[in-house]
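Residue numbers (the numbering used here), protein chains in the order written: chain S, 1335 to 1672; chain V, 4 to 258.
For the record, the hints were derived by calculation from the structure and aren't laboratory data. One or more of the hints may lead you astray.
Claimed, not checked - Quick list of in silico lysine to aspartate or glutamate cross-link-like pairs, EDC-like style, CA-CA up to 16 Å: (1) K172/V to E137/V; (2) K172/V to E130/V; (3) K89/V to D1477/S; (4) K74/V to E1549/S; (5) K203/V to E137/V; (6) K238/V to D28/V; (7) K204/V to E33/V; (8) K68/V to E8/V; (9) K1561/S to D28/V.
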Amino acid sequence: MSSDKFLHKDGLLKLKDNKLIIIIGAIYFVAVPLFCRNSPYFLSVIINYSILSCISLGVWLTFSIGRINIGQAAFVGIGGYTTAILITKLGMSFWISFLLSGVIAAFFSLLLGFVLLRLKGIYFSMITLTLTASINLVFLNTDFITQGANGIMNIPRPGAVNIGNFTIIPSFRTENYYILFYYLVSIILLVCFICIWRLYNSRIGWIFRALRQNETLAQSIGINIIKYRIMAYTICGFLGGIGGSLFVVYIQNIFPDSFKVVDSINYMLYCFLGGLDYIFGPILGSFLLTICFELLRTIQKYQNLIYAIIIICLMLWLPNGIMSIKLPKKIKLLLNKK
Amino acid sequence: MSFLEVRNLTKHFGGLTAVNNLNFDVNEREILGLIGPNGAGKSTVFNLITSYYKPSKGTIMFNGKNIINLKTHRIAQLGIVRTFQKTSVFMDMSVSQNINLAHSLRCKTSDWEKLIFKHKVQKEEQEIVKSTDEIIESIGLSTYKNEQAKNLPHGLLRLLEIGIAMSVKPKLLLLDEPFTGMNPNETNKVIELVKNIHQKKGYTIILVEHNMPVVMGISDRIIVLNFGNKIAEGKPAEILKNQNVIEAYIGKDTE
């Protein structure tokens, strides 16, 4: 249940109070690299789900203002192409391109948001559905920048970041780039989670809840609903952009249809599966579905079928996602119910 | 120049004229009753004042400023807040969360400051919590402070609605049928609340209501609408005797 205090200071994760965080942190940053350093397969699964989580966090944010956003893959694509072009054509370092990808994707979602967010409910969702497909076509047809159907390939991995004689971030162009990627995306995921968590627990987060529940009332008590809608959508775009950027340097190529409509739908599914009421939902959802997908690889033929059945079962029996299973109170406080 | 001046206010919905050339003033600190049969255009007037609809013609001057082109949230910022005919609260939040959220308009800290959780924000949040408790106290819902709004009975939700409107610190409060669906006990509670906030907080109130005894009892002045036209204006006692008003509600003698 929601807590008494409106803006509870103790919700701000005091490390000493929560052994769970330390355990998860230890597993994540020590145990996994230690045991998996020789099996790139496991690391790649985790890298994959981490990037998907960042992207799905963005979609989750638009859910939190009451909108069903089926267009996130468009911004992942924008972010991906931005990084690819900046690195290959302008020779920029990944680290700057990464941030620029987020900013440029956010900029486009700001522009589009002004127009699209005027639509309500299902009409908004329909338009976002076409957004992904449209962007794919844009990428295909602007060959002078994006190289069209040929895509951009052989994108170099991130280089080192040196200040003076000190190497702050080692180069990814070595043998053990998997471990480095693992740490990179895990840290980025952590930062994204903390930022969204803080946002959602601030007064702005409560305004988002108001938008979801009763927009007319929110308007009548002076909340500028257009501003906050666009804010949520822009942050969503930013998260999509940086996700795209990470994918592109990980997979080292990008094509116009690298991020399609089915990907947009997947990002939504991760949110649904994990639980729309919890910020941790999309992370848990993408983790479980990614693991599931990989485990089913052995039954290649039936993979999609079983995947679909699992999702249907979850929709039938756990419509509020996995996080809605009754958890002991302490864990709930940590994982922060909506 | 009065507090609120409505001049030649007209609203057409296609062929239907909901409000026709309406002219009236609202004086500061009065309670103005707005009555009329169903379909007279009373809620439409509220929607026009708060910019949910744009008028086909006419102006609305609030403290000398024409507000018809402003957006709804801007009008709330200027001090005009309304409640709704259909109970409108944030259902999935508790009473205190509802009231606390309604304080958002009057926050002096900017969005950026809120995100970084600066010290200023924490101080302001503490003040808001205090103000929330005061308002919950004054609407009489202290025992239901942490109750989810969806679990509350209708009568208490109406009180909560008024509490939400109070949190925005309005100058002009538009109450749209606050007494609908209430038993006599609940009605008295709301009457007390309205009188209380009128006297203590000095709000100006426009009250749309069908409950005649209540409206006649509370209002300083009354305006009667019928089919979008103003058919009478004056003190409650005069209105009761007005022939046009009686015709509008009950009908004309056919003999």
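*Distance restraint between K238/V and D28/V, which requires alpha-carbon spacing of 16 Å or less*: With Cα atoms ~14 Å apart, K238/V and D28/V stay inside 16 Å; holds.
_Distance restraint between K74/V and E1549/S, which requires alpha-carbon spacing of 16 Å or less_ = Since the Cα atoms of K74/V and E1549/S sit roughly 14 Å apart, the hinted pair holds (cutoff 16 Å).
*asked:* Would the hint linking K204/V and E33/V be met if the CA-CA limit is 16 Å?
replied: holds, 12 Å
*For the pair we were handed, K172/V and E130/V, check the Cα-Cα distance against 16 Å.*
Given pair K172/V, E130/V holds - Cα atoms ~14 Å apart, limit 16 Å.
*asked:* Check the hint pairing K89/V with D1477/S against an upper bound of 16 Å on the C-alpha distance.
replied: violated, 55 Å
*Would you check the hint for K203/V and E137/V, treating anything up to 16 Å between C-alpha atoms as holding?*
holds, 13 Å
_Next pair to validate is K68/V with E8/V; report whether the Cα-Cα distance is within 16 Å._
holds, 10 Å
_Tell me if the straight-line CA distance from K1561/S to D28/V falls inside 16 Å._
violated, 33 Å
*Given the proposed pairing of K172/V with E137/V, does the C-alpha separation stay at or below 16 Å?*
This hinted pair holds, its Cα atoms lying about 13 Å apart.
Taken one by one, the earlier hints fail for this structure at numbers 3, 9, listed in ascending order.
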